[in-house]
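Peer 1: Spelled out, the chains give:
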Amino acid sequence: MTQAIVVDSHPLDQILRADRMPHIFCPGCGIGIAMRCYAQALLESGIPQQRHVVVSGIGCTGRVAGYIAIDSYHTTHGRAIPFATGLKLANPNLMVTVFSGDGDLAAIGGNHLIHAARRNVDIKVICVNNFNYGMTGGQCAPTTPLGAIATTAPYGNPEQPFNLPYLLVAAGAGYVSRWTTLHVRQLKQDILRCFARPGFTFIEVLSACPVGFGKSNSIADGLEELQLYRERCVIADGVPLEEMGIDLRENRPIYIGNFIDRDLPVYHPVSLTT
Amino acid sequence: MHGDEACAEGAIAAGCRFFAGYPITPSTEIAERFAQRMPELGGVFIQMEDELASIAAVLGASAAGARAMTATSGPGLSLMLENLGLGVMLELPCVIVDIQRGAPSTGLPTMVGQADVMQARWGSHGNYSIIAYAPWSPQEAFDLTVLCFNMADRFRTPVVLLGDEVIGHMMERVVIPPAEQLPRWERKRPTTPPPTAGPYRAFEPDPDDLVPPLPHAGEGYRVHFTGLTHDERGYPDMSGEAHHVLVTRLNEKIDRHVEEITRLEDYGLEDARIVVVSFGCTARSARRAVREARARGIPVGLLRLVSLWPFPEAVLRELAQRVDTFIVAEMNLGQVRLEVERCSGRPAVGVHHAGGEMIHPEQILQAILRSAGR
Amino acid sequence: MYTEIRLAGFGGQGIGLAGVLLGRAAALYGGLEAVMTQAYGPEARGGASSANLVLADEPIDYPFVQQPDILVAMSQEAYTKFRPTAKPEALVLIDTELVTPFAEDVVQAIPATRLAEGMGRRIVANVIMVGFFTRQTGFLAREAVEQAVRESLRPKLVPLNLKALAIGYEYE
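Chain order of the listed sequences is A, C and W. Each residue of the first sequence is one higher than the one before, starting from 11 at the first, in the working numbering. Each residue of the second sequence is one higher than the one before, starting from 1329 at the first, in the working numbering. Each residue of the third sequence is one higher than the one before, starting from 27 at the first, in the working numbering.
It is worth saying that the hints were derived from the structure and are not from the lab. By construction, the Cβ of each residue, glycine as well, lies at the ideal position given by its N, Cα and C atoms. Heads up, some of the hints might be wrong.
Which bits of chain W does chain C cover? Going by a derived footprint, with three or more residues having C-beta under 8 Å, they are [what the hints assert, rightly or not]:
#1 46 to 56
#2 59 to 65
#3 87 to 95
Part of the chain C face toward chain W, derived, beta carbon under 7 Å [to be verified]:
#4 Met1498
#5 Met1499
#6 Glu1500
#7 Arg1501
#8 Arg1612
#9 Arg1615
#10 Arg1616
#11 His1681
#12 Pro1689
Isolated chain A, as found in the complex:
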């Protein structure tokens, strides 16, 4: 017999909206893990919670904004980054994080993503990549591997996916990392590094979507995907960015780590007054 253990409090109570629980994430989903890393980093950031703002677009990951108990803006599909840009420029004292998914940020929001990277506006982007559109039931995304099955690619995806770190570095991002939902400590630490460093930062977080992606692509459940991360993830050390593409269905390394950390001029509006 199993017995439910009921506790009065949770370590993240002060930063999560308990009144919004339960969340919408499916069993085995990795978004909650990534959200937890972000929440933990918020608490450890040393920045007053009042100064933190989270902005998201549409999709499962986009719902994270609704669960974090800071000023949070759940915007339209793809537009989290420009909304965040406006927030940050209008009040530079804010620490603005965009927390959204691969479909939202790299497909419909792809133009904003590359331009924000190029501009080097001081916002922190966390992109949960689960290789599909999860909320709407597993459609093809720009991250879906070639040949993978999706509801809009029933015979296999005929398109090449984005290699997001390669794209972001090429677009001019100063800081680009990739972790998985297995790498919770590294992810939290990396988010803290982003908070501490001015300019545009981008973290890709590989995450299981057992319902939308896993089940149609021979990954039985969330646990199996985490095992797969454990077996295949390799800290990239001098591996060329163009080899950072991912296909979970192939037995080849998944490169993770911080890929680039370079100082570039941070965007500031032109001012003649200071």
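Fit chains C and W to the supplied structure of chain A, relying on the hints for placement.
Peer 2: The following block gives chains C and W in isolation, referenced to the frame of chain A:
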């Protein structure tokens, strides 16, 4: 000063210190003016990658407390309509300027049009009310831009300035009053500190006018804003009941205040049996035609729609009681005429042109003469 | 009074500035109403350039010039193109050395560009023409136009342009 410059100066005089935009003829001079002026004033000018991003940045800046604006033309407005809806739903004040050109599609980039009237009203999906003003001179481009900011803050909603290429590009004298003489209506803001337990209710309407106070990012209210249907806490509520309550309120907070929002100018209406209804640059031709017709003894007046939306239904209904004929002059194929017919309950005479060149006073005069049986 | 004016030349001659100076002089310092419109778009670049002014002593409704009462032509192309659009009896001002008028046309001529070259600054031919215009038309006070020059140009350009204005105004 030309109309585009006057519009930018009006925004600056109104305290706008954030402009995000994407260049598009014939509104580009507004962006250029902001690019010149914001650095002098410590404000933000940013050229975004497209119009989708421009209005998103404006909404973000508004959420952070700024008076914020973007400017575009029809093709750009088409892209902005997505987040115009978000602005309505999140109740974030901002000003969107559309300097209309010949349309649809790329149309006539450098030439005038007035065919975005219905797009401004109904362009984003769903049921919402919008506030829109149409200047007929560079002076009014200044004055109405100030008014747009005040209305946006007053009702916590996006407001559209529907200019046109003729007004945007023509030069005329503009008088800029001292800043302290300009009216300024502030946003309604929270009067209580952030709650110690439970969320702040950022969408709880003031019962008097249905407009909720607006907390800004960074003030400690831990607000949640979502484009999803939400309750008074801002939390998503996926029920038909919550949706009906929210959408009804978003409409009513504007529709209940039509009189406060409406701006009209009349010329010779007191004894008019024929009324010419017009707006924007076309109203200049209409006034000329009305003056000439009155000089010939024809009882004709001009009703100039300074505000286009919400439509002044009550005024039109009242006029319809004592007027024989409505003539609607507009540079589209009948968008405002349909509204006039709806409100007056009778067919109106249309003087229409699809755009590209201003309707000439003579065309309107001929319509007046025909209506007067001459 | 209701006067339609078209100023025309080729791109780079400062036709737009000439229009702005006259418009400002009229609207800000001359007690008149003034509206200026210009052609925009590809047609506004290179080739013929024009500025159109309506001056009146009452509010101006229709802002466009339809049949100019006054035409200022600073290139042959502009003259040939726009002379037929002006009233037959229109006052026509030309740059002598750049425009050969139609045989039957009565014009007032000034070698504005050559006079400007004489000042060492060909670019002020437009302001010399503005001075000539002010004298020939008589409905703007010289002081009003001078004030428009002071308010419209960067300070270091003002003396040169006031001199150009004087040369045009005093040309016999």
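Peer 1: If a hint holds in the structure, say so; if it does not, say that too.
Peer 2: Verification of the hints:
no.	hint	verdict
1	46 to 56	holds (count 4)
2	59 to 65	holds (count 6)
3	87 to 95	holds (count 4)
4	Met1498	5 Å, holds
5	Met1499	4 Å, holds
6	Glu1500	5 Å, holds
7	Arg1501	4 Å, holds
8	Arg1612	4 Å, holds
9	Arg1615	5 Å, holds
10	Arg1616	4 Å, holds
11	His1681	14 Å, violated
12	Pro1689	5 Å, holds
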